[in-house]
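Please construct the entire structure, taking both the sequences and the accompanying hints into account.
As given, the protein sequences belong to chains Y and E, one line each in that order.
Number 207 in our numbering belongs to position 206 of the first sequence; there are no gaps in the numbering.
Number 819 in our numbering belongs to position 189 of the second sequence; there are no gaps in the numbering.
Any given hint could turn out to be false.
[Said to hold, decoys possible] Using 16 Å as the maximum straight-line C-alpha spacing, the simulated EDC-like pairs for lysine to aspartate or glutamate come out as follows:
| no. | chain 1 | residue 1 | chain 2 | residue 2 |
| --- | --- | --- | --- | --- |
| 1 | E | Lys868 | E | Glu848 |
| 2 | E | Lys660 | Y | Asp175 |
| 3 | E | Lys918 | Y | Glu69 |
| 4 | E | Lys871 | E | Glu848 |
| 5 | Y | Lys47 | Y | Asp186 |
| 6 | E | Lys651 | Y | Glu82 |
| 7 | E | Lys660 | Y | Glu173 |
| 8 | Y | Lys47 | Y | Glu69 |
| 9 | E | Lys651 | Y | Glu69 |
| 10 | Y | Lys84 | Y | Asp254 |
| 11 | E | Lys651 | E | Asp919 |
| 12 | E | Lys660 | E | Asp714 |
By construction, these hints were calculated from the structure, which means they are not laboratory data.
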Amino acid sequence: MGNRLSGPLDDPAQDAGYPGGHPPRMGFFTDTSVCIGCKACEVACKEWNSVPEDGIDLLGLSYDNTGELSANTWRHVAFVEQKVSAPAVDIGMPTIGAPKQTDDQSGDRDGVRWLMSSDVCKHCTHAACLDVCPTGSLFRTEFGTVVVQDDICNGCGYCVPACPYGVIGKREGDGRAWKCTLCYDRIGDGLQPACATACPTESIQYGPLDELRERADRRLEELHEKGVEQARLYGRDPDDGVGGDGAFFLLLDEPEVYGLPPDPVVTTRDLPAMWKRAAVAAASVAAGVAWAFLGRS
Amino acid sequence: MSPKREKAMVPQAEFRSYYGKPILKPPAWKVPDVPGYLFLGGLAGASATMAAAATLTGRPELAKIGHLAAAGGALGSVGALVHDLGRPERFLNMLRVFKVTSPLSVGSWILAPFSGLAVAAAGSQLTGIFPRLGALAGWGAGALGPAMCTYTAVLLADTAVPAWHEAHPYLPFVFAGSAMSSGAGMALVAAPVASTRPVVRVGLLGAAMETAALTTVERSLGVVSEPYHSGRPGTLLKAAKVLTATGAGLSLFGRRSRVAAVAAGAAYLAAGICTRFGVYHAGVESTKDPKYVVTPQRERLAARH
Numbered sequence: 002m003g004n005r006l007s008g009p010l011d012d013p014a015q016d017a018g019y020p021g022g023h024p025p026r027m028g029f030f031t032d033t034s035v036c037i038g039c040k041a042c043e044v045a046c047k048e049w050n051s052v053p054e055d056g057i058d059l060l061g062l063s064y065d066n067t068g069e070l071s072a073n074t075w076r077h078v079a080f081v082e083q084k085v086s087a088p089a090v091d092i093g094m095p096t097i098g099a100p101k102q103t104d105d106q107s108g109d110r111d112g113v114r115w116l117m118s119s120d121v122c123k124h125c126t127h128a129a130c131l132d133v134c135p136t137g138s139l140f141r142t143e144f145g146t147v148v149v150q151d152d153i154c155n156g157c158g159y160c161v162p163a164c165p166y167g168v169i170g171k172r173e174g175d176g177r178a179w180k181c182t183l184c185y186d187r188i189g190d191g192l193q194p195a196c197a198t199a200c201p202t203e204s205i206q207y208g209p210l211d212e213l214r215e216r217a218d219r220r221l222e223e224l225h226e227k228g229v230e231q232a233r234l235y236g237r238d239p240d241d242g243v244g245g246d247g248a249f250f251l252l253l254d255e256p257e258v259y260g261l262p263p264d265p266v267v268t269t270r271d272l273p274a275m276w277k278r279a280a281v282a283a284a285s286v287a288a289g290v291a292w293a294f295l296g297r298s
Numbered sequence: 631m632s633p634k635r636e637k638a639m640v641p642q643a644e645f646r647s648y649y650g651k652p653i654l655k656p657p658a659w660k661v662p663d664v665p666g667y668l669f670l671g672g673l674a675g676a677s678a679t680m681a682a683a684a685t686l687t688g689r690p691e692l693a694k695i696g697h698l699a700a701a702g703g704a705l706g707s708v709g710a711l712v713h714d715l716g717r718p719e720r721f722l723n724m725l726r727v728f729k730v731t732s733p734l735s736v737g738s739w740i741l742a743p744f745s746g747l748a749v750a751a752a753g754s755q756l757t758g759i760f761p762r763l764g765a766l767a768g769w770g771a772g773a774l775g776p777a778m779c780t781y782t783a784v785l786l787a788d789t790a791v792p793a794w795h796e797a798h799p800y801l802p803f804v805f806a807g808s809a810m811s812s813g814a815g816m817a818l819v820a821a822p823v824a825s826t827r828p829v830v831r832v833g834l835l836g837a838a839m840e841t842a843a844l845t846t847v848e849r850s851l852g853v854v855s856e857p858y859h860s861g862r863p864g865t866l867l868k869a870a871k872v873l874t875a876t877g878a879g880l881s882l883f884g885r886r887s888r889v890a891a892v893a894a895g896a897a898y899l900a901a902g903i904c905t906r907f908g909v910y911h912a913g914v915e916s917t918k919d920p921k922y923v924v925t926p927q928r929e930r931l932a933a934r935h
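Given below as structure tokens:
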């Protein structure tokens with residue numbers, strides 16, 4: 002097999018067979034430290050991609066009434082409310098926001114902080130959804146992104162449990178799998194994806210992945226200098242379990258707080274080992290049956 | 631151990647999450663389609679291999695039963711797979727590429743020729759038409775049979791579903807053993823008692839392999855073993871073990887009593903169904919609680935630093 006299943010990989014498009022001269026790998030850097038939770042990205046995405054409405058529910062958990070990424074939600078703004086022991090460091094956020102906390106009950110300087118993060122398909126370097134797709138419907142684009150071809154997908158649903166982030170879903174009534182395309186139809190024309198275009202704070206940044214990584218490193222350094230110790234990059238590292246994400250994040254807490262897995266691994270990393278074990282087990286069946294029938298009777 | 635006592639004994643694992651919501655999507659597959667597809671595929675695979683072995687060793691009555699079970703299981707398995715698709719009319723898209731990275735692609739390329747060959751062999755057997763080609767098809771199906779028994783284990787393990795993926799070294803043996811005892815079960819039900827000796831052996835081997843592998847899965851995966859012995863999958867897998875043991879025990883009397891043989895066969899078949907549904911549901915359960923994702927991944931990170 003020509004493709005590498007895990008580990009760092011400079012150019013997934015080339016690995017997928019695109020000749021030299023293909024466009025650079027494009028992606029998203031979502032800087033959650035400047036996300037204001039406006040959900041313009043969710044709306045822009047739905048509008049541009051004609052993603053169907055999927056229920057207007059009040060989930061009763063927070064200001065997030067979208068809940069999760071799915072076949073019908075390709076951008077999802079998570080909203081986390083946390084009690085903190087001191088007011089958050091001023092990182093240039095608008096001052097209108099969390100309600101003022103009274104000091105009488107909760108002691109000195111106790112407060113609340115809000116974490117908001119616009120989640121999206123990670124366009125993994127090693128994408129399990131693409132690996133396991135039996136029809137070739139999921140494919141790697143020349144931009145290094147991962148896209149479902151809706152005229153090929155037969156709705157087998159294998160990509161759904163394969164995704165380590167729980168991103169891709171099967172659409173009810175339609176039967177096929179759907180997810181973020183990184184606006185394949187826009188970026189080919191030199192436009193930005195709809196979500197990045199709509200984002201009012203540049204929390205969602207689109208561009209060549211190399212540039213985004215440099216920009217993210219500088220932003221992380223800046224935040225650490227300002228004393229925001231909890232800031233960290235998620236999905237930036239090409240050495241991680243999926244070979245790094247095409248869409249990565251700057252987070253202000255542990256990934257699982259935002260509903261992200263702390264150490265995702267592409268399942269196909271272990272596939273060679275699995276096929277070997279299956280071959281041994283199959284050989285045991287053959288040997289067992291042969292022994293049973295050829296033995297003395 | 632009762633589930634209640636177990637809960638009290640295992641301390642609540644510390645982990646953080648997004649309002650307790652799942653991180654992973656549960657498998658989008660239908661029940662009973664997919665667990666049924668697993669069971670019937672295994673039954674068909676083992677039966678085809680047993681039919682070939684029976685032909686080789688001059689046991690025509692066992693060969694006939696094997697061919698029929700293989701054809702029936704294969705057709706049922708394909709039917710369940712097609713019915714599960716979101717777009718069944720596009721089933722043939724499964725065969726537009728061959729991808730070793732997709733166990734479902736590899737599986738389709740095993741299942742499609744296997745089904746054709748198994749049906750041809752059974753058809754020839756029943757009608758007496760083209761006996762040579764039928765025999766050849768029987769050999770082909772017999773050769774593909776062992777792969778039919780185990781590829782579905784890779785199909786489940788090659789996902790992010792914690793209970794399936796973490797069990798990847800053992801699942802092929804659970805499925806191989808289960809397929810062997812299911813195949814033996816069908817033959818015990820259908821075959822005349824005098825001819826069942828090799829079938830009893832296949833059943834015992836399968837029962838031993840499945841029980842050993844399943845016990846390993848239930849014990850060695852840390853927190854991810856939990857779904858295998860609690861709740862509905864726990865009940866199903868407990869039933870599977872009891873039924874497997876019952877089948878194995880009764881099969882020892884199968885050459886003296888037709889009743890015992892049929893009961894043993896029925897117990898094996900029921901065990902096979904319970905095993906496939908149990909393993910399937912254990913996987914589904916492990917996607918619903920973020921602790922099965924976060925806890926092992928946190929442990930992995932801690933071990934690395």
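The hints, checked one at a time:
1. E:Lys868 - E:Glu848: holds, 11 Å
2. E:Lys660 - Y:Asp175: holds, 15 Å
3. E:Lys918 - Y:Glu69: Distance ~13 Å between E:Lys918 and Y:Glu69 Cα, so the pair holds.
4. E:Lys871 - E:Glu848: holds, 12 Å
5. Y:Lys47 - Y:Asp186: Since the Cα atoms of Y:Lys47 and Y:Asp186 sit roughly 14 Å apart, the hinted pair holds (cutoff 16 Å).
6. E:Lys651 - Y:Glu82: Judged against 16 Å, a Cα distance of about 15 Å means the pair holds.
7. E:Lys660 - Y:Glu173: Roughly 13 Å between the alpha carbons, so the hint for E:Lys660 and Y:Glu173 holds.
8. Y:Lys47 - Y:Glu69: Answer holds: Y:Lys47 to Y:Glu69 is near 14 Å, not above 16 Å.
9. E:Lys651 - Y:Glu69: holds, 9 Å
10. Y:Lys84 - Y:Asp254: holds, 13 Å
11. E:Lys651 - E:Asp919: Within the cut-off at roughly 7 Å; holds.
12. E:Lys660 - E:Asp714: With Cα atoms ~6 Å apart, E:Lys660 and E:Asp714 stay inside 16 Å; holds.
In this structure, every one of the numbered hints holds.
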